[in-house]
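Colleague: Here's the letter readout for the chains.
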Amino acid sequence: MDGFEDMIFGRPEVMEDRPTHFCPGCGHGITQRLIGEVIDELGIQERAVCVASIGCTVTAYAYFKVDGLESAHGRAPAVATAIKRVRPELFPFTLQGDGDLASIGTAEIVHAAARGEKITVIFANNATYGMTGGQLAPTTLIGMYSASTTGGRTVEQSGYPIRMSEMLATLDGPSYITRVSLHNPANVRKARKAIELAFRAQLAGLGLSFVEVLSMCPINWKVEPVKARQWMADNMIPQFPLGEFKCIPEVEALKKAVKG
Amino acid sequence: MPAVIANIMRAGPGLGNIGGAQGDYMQCTRGGGHGDYYLITLAPSSVQDMLDFTMLAFELADKYRNPVLVMADGFLGQVVESVVIRDRVKKLPEKRWAITGAAGRPKNIINSFEMNPMDHPARIKLILQKFERMQRNEVRYEGLNLEDADIVLVAYGSVARSAMTAMQEARLHKIKVGLLRPITVLPFPYQPLSDLAGRGCKFVAAEMSGGQMVEDVRIAVGNRNEVKLVNSWGGVPLTADEIFEAIDLLA
Chain A
0 MDGFEDMIFG
10 RPEVMEDRPT
20 HFCPGCGHGI
30 TQRLIGEVID
40 ELGIQERAVC
50 VASIGCTVTA
60 YAYFKVDGLE
70 SAHGRAPAVA
80 TAIKRVRPEL
90 FPFTLQGDGD
100 LASIGTAEIV
110 HAAARGEKIT
120 VIFANNATYG
130 MTGGQLAPTT
140 LIGMYSASTT
150 GGRTVEQSGY
160 PIRMSEMLAT
170 LDGPSYITRV
180 SLHNPANVRK
190 ARKAIELAFR
200 AQLAGLGLSF
210 VEVLSMCPIN
220 WKVEPVKARQ
230 WMADNMIPQF
240 PLGEFKCIPE
250 VEALKKAVKG
Chain B
0 MPAVIANIMR
10 AGPGLGNIGG
20 AQGDYMQCTR
30 GGGHGDYYLI
40 TLAPSSVQDM
50 LDFTMLAFEL
60 ADKYRNPVLV
70 MADGFLGQVV
80 ESVVIRDRVK
90 KLPEKRWAIT
100 GAAGRPKNII
110 NSFEMNPMDH
120 PARIKLILQK
130 FERMQRNEVR
140 YEGLNLEDAD
150 IVLVAYGSVA
160 RSAMTAMQEA
170 RLHKIKVGLL
180 RPITVLPFPY
190 QPLSDLAGRG
200 CKFVAAEMSG
210 GQMVEDVRIA
220 VGNRNEVKLV
230 NSWGGVPLTA
240 DEIFEAIDLL
250 A
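Line order of the protein sequences matches chains A and B.
Number 63 in numbering that gives the first Met the number 0 belongs to position 64 of the first sequence; there are no gaps in the numbering.
Number 188 in numbering that gives the first Met the number 0 belongs to position 189 of the second sequence; there are no gaps in the numbering.
Don't take every hint at face value.
What the hints assert, rightly or not - Simulated restraints, written as ranges between beta carbons of each label pair: (1) A:I103 - B:K90: 30 to 40 Å; (2) A:Y159 - B:K106: 47 to 57 Å; (3) B:K106 - A:G115: 38 to 48 Å.
To be verified - From chain B, some residues computed to sit far from chain A (all C-beta separations above 10 Å): (4) L91; (5) N136; (6) E244.
Bear in mind the hints are in silico, worked out from the structure with no lab data behind them.
Backbone N, C-alpha and C fix where the C-beta goes; we use that ideal spot for every residue, glycine too.
Sequences are here, hints too, so could you generate the full structure?
Modeller: Written as structure tokens, this is what we have:
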């Protein structure tokens, strides 16, 4: 960065110089920025391949200066598997929402994880189908408003939300599974560390690394943007507890390399 | 199995862009799945049609014990119009084949597998016979200004509405244009189109695809007369102006 030797904060180099289009208070901008910082930190811009999902994350191709290959709804892990197996020198990462990964994509992620595919999955969980107007999703909370459960989700009508991280942690294939949140700066920093560790796991040739990021969608939650983060902390964390669910010893050993 | 399936078509492959299109015509009418099968396919042009044809679809599905497709486009999917609610269906055929528990009757099995492979052809023959009955009995279309038409517009779905405007414009220019709007694209109204070709009409097929319904028009017309395609694609509507231009060139 010319003449900016003293700059201590700026746009990650791997991110395109353009404003994003996300809604006020949306978590995607933060998650994508964290991914951008990690790609810069690890120097993998020329090897990284973005495989986004269908939904608001489909716009990721416009924001990263890396190759991108669109996948059908839920199928990003399958596409990333092909990329990694055919060209192991590349670094595919998926960026998927809950309406994608936890719904139509459950078969793909379970089997990619069970096979221990050497890919990294970033799972943005905002408990809704954002792009199509906020319909009930597999991670929508009991009692939570959605466009298709306007009186709030009920167990009788729609059953229970799915905890993907815990479910995938029962498999032997993954090397690292963790859930983080974006509700305040301290947790955004933890999210960044988790994403970096997940990327380092792939660089070390370990099995599937998975970071579930609790993310805000104020417009579809019908919560004011400035209140959405606290709403998320109060309501989503009890259902989706933060922390690590799987961390094999080889990933533990990588933790000291992660920037603080 | 009776079922009603709605396909609200948008520009393929449908992985993010949601503009209306008619590019699934072949998939709907020539089969997007395995084997010999045919679904009656209804093409609404208005919200009133969406309501009426969906109710009709349930009736036809029960009548033939077959799935029925309601095929609309992304523009109709978003439009808001007022409707008149028609009377409910009162009498549907009895379903003696249904799964209600084998109490006091022999078992009912709904599957596609035959233990004895030699029994499979008979099953397919039933489907083919059903299709013949659909073709004889279920063709539906709307004809406007066909009595004295020299040029016949063929359009369905939201394109039929642009086509109507183009037809009116053409008539103001003293060009004798009529509109044949298929309501069922399967079974397709081949006979009325063939009759019009026999009378010497030329045809303009208007659709939001690379050119799919036009092939059915060509089947009906054969080599006898000119069939011109006017189309749009990629989720962009086909305008009355574009259709009128095509008519003007042909006239």
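Colleague: Taking each numbered hint in turn, which are not upheld by the structure, reported in ascending numerical order?
Modeller: 2
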